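Please build the complex by placing chain B on the supplied structure of chain A, with the hints as guidance.
So the sequences go chain by chain: A and B. Here the first sequence is numbered in this note's numbering, starting from -18 and rising by one per residue. Here the second sequence is numbered in this note's numbering, starting from 3 and rising by one per residue.
In case anyone wonders, no lab produced these hints; they're calculated from the structure. These numbers come from a predicted model, not from an experiment. A couple of the hints might just be wrong.
Here are a few chain B residues that face chain A, going by a calculated C-beta distance under 7 Å [as the list claims (entries may be wrong)]:
no.	residue
1	Tyr45
2	Gln160
3	Thr163
4	Val218
Glycine included, every Cβ here is placed at the ideal spot set by N, Cα and C.
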Amino acid sequence: MIGVYIAAGVVGLLLIAFAVSYDRFVRQRNLIKNSWANVDTELRRRYDLIPNLVEAVKGYAAHEKEIFEKLAQARADAIAQAGPPEAQARAENGVVSGLRQLLAVTENYPQLKASQNFLSLQNELTNTEDRIQAARRFYNNNVRAYNTRVQSFPSNAIAGMFHFQEQQYFEIDEAVARAGAPQVDLAPDTGTP
Amino acid sequence: MAVALIIVIGVLVVGGAIVFGYYARKRRIQEWQQTAGHLGFQYSTEDPFDLLGLPFDLFRRGDGRGVENVVWGQRDGLDIKAFEYWYYEDSSDAQGHTSRDYSHFSCTVVPTAVSCPHTSIAPEGVFSRLGRALGFHDIEFESEEFNKAMKVNSADPQFATYLVDARMMQWLLDNKGWHFELCGRWVLAYGGRTKPKLIWGVIEAAREFHQHIPKVIDETYREGS
Chain A
-18 MIGVYIAAGV
-8 VGLLLIAFAV
2 SYDRFVRQRN
12 LIKNSWANVD
22 TELRRRYDLI
32 PNLVEAVKGY
42 AAHEKEIFEK
52 LAQARADAIA
62 QAGPPEAQAR
72 AENGVVSGLR
82 QLLAVTENYP
92 QLKASQNFLS
102 LQNELTNTED
112 RIQAARRFYN
122 NNVRAYNTRV
132 QSFPSNAIAG
142 MFHFQEQQYF
152 EIDEAVARAG
162 APQVDLAPDT
172 GTP
Chain B
3 MAVALIIVIG
13 VLVVGGAIVF
23 GYYARKRRIQ
33 EWQQTAGHLG
43 FQYSTEDPFD
53 LLGLPFDLFR
63 RGDGRGVENV
73 VWGQRDGLDI
83 KAFEYWYYED
93 SSDAQGHTSR
103 DYSHFSCTVV
113 PTAVSCPHTS
123 IAPEGVFSRL
133 GRALGFHDIE
143 FESEEFNKAM
153 KVNSADPQFA
163 TYLVDARMMQ
173 WLLDNKGWHF
183 ELCGRWVLAY
193 GGRTKPKLIW
203 GVIEAAREFH
213 QHIPKVIDET
223 YREGS
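Extracted from the complex, chain A is given alone in its bound form:
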């Protein structure tokens, strides 16, 4: 009789472990979805910024038409992209390449570089790049934790049983060189505890 109780106890414990592991997979998958939505939001901030940036540069370098068209096309391709993170990353790298060319062109126009409107847009672009990179890191960290469980024993058994598949990382370049980024200025409050 004791043997039956022990067997029932072991089976009960296994069922609890099984349920906990399954629930954790579901939570991790939802977290990945949410963190991808954050990445998407930040990428859209950058898409919204590009037309203004192009307009600002056009005012001083209207003949750089090829660069503007290439960037506009890359932006349109990235917005239209609804595929997995790897495909999105390829499309984003097209945008990044276009932005780099645009920013390189501005080096030839000192008046443009001194323009308040352009400086403000460039600053906004730097901030957006920071936000994209932060959102990307969070997404990739969640994917790493999830993929580790999909690959590791014993959670891989549950992953296989319920088709929890490995997720793709999201790797993109930065359009703005960090050396040129504005200095961090986190002004402190001066209150007392």
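Frame of chain A; chain B shown alone:
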């Protein structure tokens, strides 16, 4: 005769210990006053700020706790409060003998511009390494070197990921040994108790940590953003 001698020796030992304790404390207070003077800070033997009221885990440890030797002032526009903190834990053995173990720390508190979810960053210890080996992970980052060296926990993993960017990660790896806690609008840096004249170490750790907080934290976690 022998009993009287033992009593005299006992009185001398106890009296000597009291006198030694008194002068040691007096000398330590003088050292603190000198350190505060060198830093251009103010000094108090007791806590004028109710620092134990700040919501840090360190200030919840033990069965009793206290703050003493507080110095405060500004560096580069940043409000700094450095102090000594201690707590004790009571324990008793099978025979009913009780004992009290004290732990002492040198700490610095600085304010932040944003309200932070509770987050702690500390060097990996023996138990956390064992936990990692058994599959109990804290928040993991892109750098395996960092994951092995430091343990990070947060009520909001996204906040921790935004906080520990590549620049912060490198700074933490270059300055191992300090513990950090963020909660509400405060950052706490602490380590084992140092001599008063070495308090500058933990003050610099807090100040530099604050400087390395990424701008994206300010943008994302400022109220209303």
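Here's how the hints hold up against the structure:
no.	hint	result
1	Tyr45	16 Å, violated
2	Gln160	5 Å, holds
3	Thr163	4 Å, holds
4	Val218	4 Å, holds
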